[in-house]
Every structure is written in C-alpha cells, then in structure tokens.
Amino acid sequence: MTRILGGVTVAALAAGLVMGFGVAPREVTQGNVQRIMYLHVPSVWVAYLAFAVVLVGSIVYLVRRTDAADRLAHASAEVGVLFTGLTIATGSIWGKPTWGTWWTWDARLTSVSILFVMYLGYLLLRGMIEDRERGARFAAVLGIVAAFNIPLVHFSVYWWRTLHQPPSLMKPGPGTMPAIIVAALLVNFAAFSLLYAYFVAKRVRLLRREAELAA
Amino acid sequence: MMADNWSFVLVAYGLAGVVLFAYWRRLVRRERELDRK
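Just so you know, the sequences run in chain order D and V.
Counting from 406, one number per residue, gives the positions in the first sequence under my numbering.
Counting from 2, one number per residue, gives the positions in the second sequence under my numbering.
Wrong hints could be hidden among the right ones.
Footprint (simulated), chain D over chain V, 3 or more residues, beta carbon under 8 angstroms [unchecked claim]:
(1) 10 to 24
(2) 27 to 38
As a list, the in silico SDA-like pairs of lysine to any residue whose alpha-carbon atoms are at most 20 angstroms apart [unchecked claim]:
(3) Lys38/V / Arg614/D
(4) Lys501/D / Arg431/D
(5) Lys501/D / Ala4/V
The set of hints was computed from the structure by calculation and includes no laboratory data.
For every residue, glycine included, the Cβ atom is placed at its ideal position computed from N, Cα and C.
Given the sequences, and given the hints that come with them, work out the whole structure.
Set out below in structure tokens:
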C-alpha cells in the first residue's frame with residue numbers, strides 16, 4: 406500500500422514540476438524567481454496540515470490513550486518540522502532577490518521560526534523522557550499548546566505590518582492570481598500532500614515496529 | 002521588471018530535493034535495520 410502511495414507521489418511531484426516550470430508562465434514583476442512559490446507555499450501548507458494532525462492525534466491520545474494516535478502525532482510532528490524547515494529555507498532564498506535580504510525579523514518569518522522551534526522541542530521532549538507513556542502524555546499536551554501558533558503564523562500578515570505579502574490563495578474572497586498559476590499551485594499542493602501522507606505512513610510503520618521490538 | 006535569478010530557483014529546488022531524498026533514505030535504512038532484527 407505504501408509502495409503504491411510512493412509511486413503515485415513521485416508521479417504527482419513530476420506533474421508539479423511540469424506545471425511549475427513548463428506550464429505556468431513567467432511572472433511579470435518577479436520573473437522566473439517567482440517559481441520558488443510552487444515549492445515554498447505547498448511546503449507551508451504541509452506544515453500546517455502536519456501540525457493540525459498532531460493536534461488531533463494529541464487530543465485523541467489524551468482522551469482515549471490509544472498508541473496509534475500517539476504514533477500518528479509523533480510521525481506528523483517529525484514530517485511537519487521537516488517541511489517547516491524547508492519553508493523557512495526556500496522563503497529565505499526567495500527573499501534575497503525579491504526583498505534584498507535573506508532574513509528580517511518580520512512577524513511572519515519570526516512566528517514561523519517560533520513554530521519550527523516549538524515542534525523541534527516537541528521532538529526533543531519525546532526523545533528525552535524514557536518512560537514511553539509519560540513522554541507521550543507530555544508530548545500530547547505540548548502538541549495541543551503549540552497548535553495555537555498556527556493561526557498566529559497564518560494571520561500575522563494581517564495583524565502586523567510585515568514585509569511578507571498576505572496570502573494569495575489561502576484566504577477568503579475572490580482570488581487575484583491568474584487561473585494557470587492557481588492550477589500549477591494546486592497540483593503542487595496535491596503532490597506535497599501525497600508526499601506528506603507517504604512519509605507519515607512510513608514513519609508510523611517504523612514507530613510501530615520499534616514499539617513491537619521494544620516490548 | 003526583475004532579473005530572472007535562475008540560480009536562486011535552482012538552489013531552492015536543489016536544496017528541497019536533497020533534504021527530502023535524505024529523509025526518505027533515512028526512513029528506508031531504518032526500515033531495513035528493523036527488518037534485520
């Protein structure tokens with residue numbers, strides 16, 4: 406099953422590259438550097454998705470104490486940290502030619518860095534506590550608390566004056582982007598979501614195997 | 002209108018490719034290790 410998902414993911418990522426580089430036009434103002442958007446925006450989407458899954462998994466674990474929910478939260482946090490790191494790195498690379506700087510203490514950049522550090526802390530916490538049940542319980546609480554940062558990251562561009570532009574797609578109301586750019590972005594959203602599902606499925610299976618061997 | 006800055010595009014996609022591939026390799030290696038146990 407995971408192998409089929411992996412094959413579909415590779416095909417979707419290839420389609421995303423074709424859409425981003427072959428079909429979507431050169432952006433009028435920024436030129437071709439805007440193509441980083443097809444990587445940067447789906448990465449932050451996956452980060453949001455991953456941490457939302459951590460929230461749900463953590464709540465379910467605290468209520469029902471099911472190991473499957475804990476493993477899902479753990480796996481999702483790890484993949485979320487990976488994609489948050491990619492979001493920060495690709496944003497910085499995009500920022501240099503467009504803003505003239507690799508980094509600025511802008512509300513969006515700062516809040517997403519706090520998000521990254523919080524979930525990195527979540528993973529470290531899990532690794533530090535030897536008692537598995539205790540570690541899972543503490544991590545679940547942190548997984549719920551850290552999720553409050555997700556809306557802060559998303560709405561930071563509205564709440565504060567920032568260098569970062571407001572969302573072009575993940576916002577209410579009519580879109581301002583040409584349909585072909587939206588289509589390329591949506592294909593990449595789908596491809597990255599599949600990649601997230603593939604990584605999480607693989608990581609959950611590893612965590613289950615590790616638990617079986619430790620028992 | 003800005004210059005194309007293709008080098009930045011290549012670095013961004015290259016970095017993402019390397020990071021994602023490395024994570025995938027790590028998962029596959031760990032899977033093999035556990036299978037051997």
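These are the hints, each one checked on the structure:
1. 10 to 24: Holds, because 9 residues of the region 10 to 24 of chain V bring their Cβ atoms closer than 8 angstroms to Cβ atoms of chain D.
2. 27 to 38: holds (count 5)
3. Lys38/V / Arg614/D: holds (10 angstroms)
4. Lys501/D / Arg431/D: With Cα atoms ~19 angstroms apart, lysine 501/D and arginine 431/D stay inside 20 angstroms; holds.
5. Lys501/D / Ala4/V: Within the cut-off at roughly 13 angstroms; holds.
Checked against the numbered hints given earlier, this structure breaks none of them.
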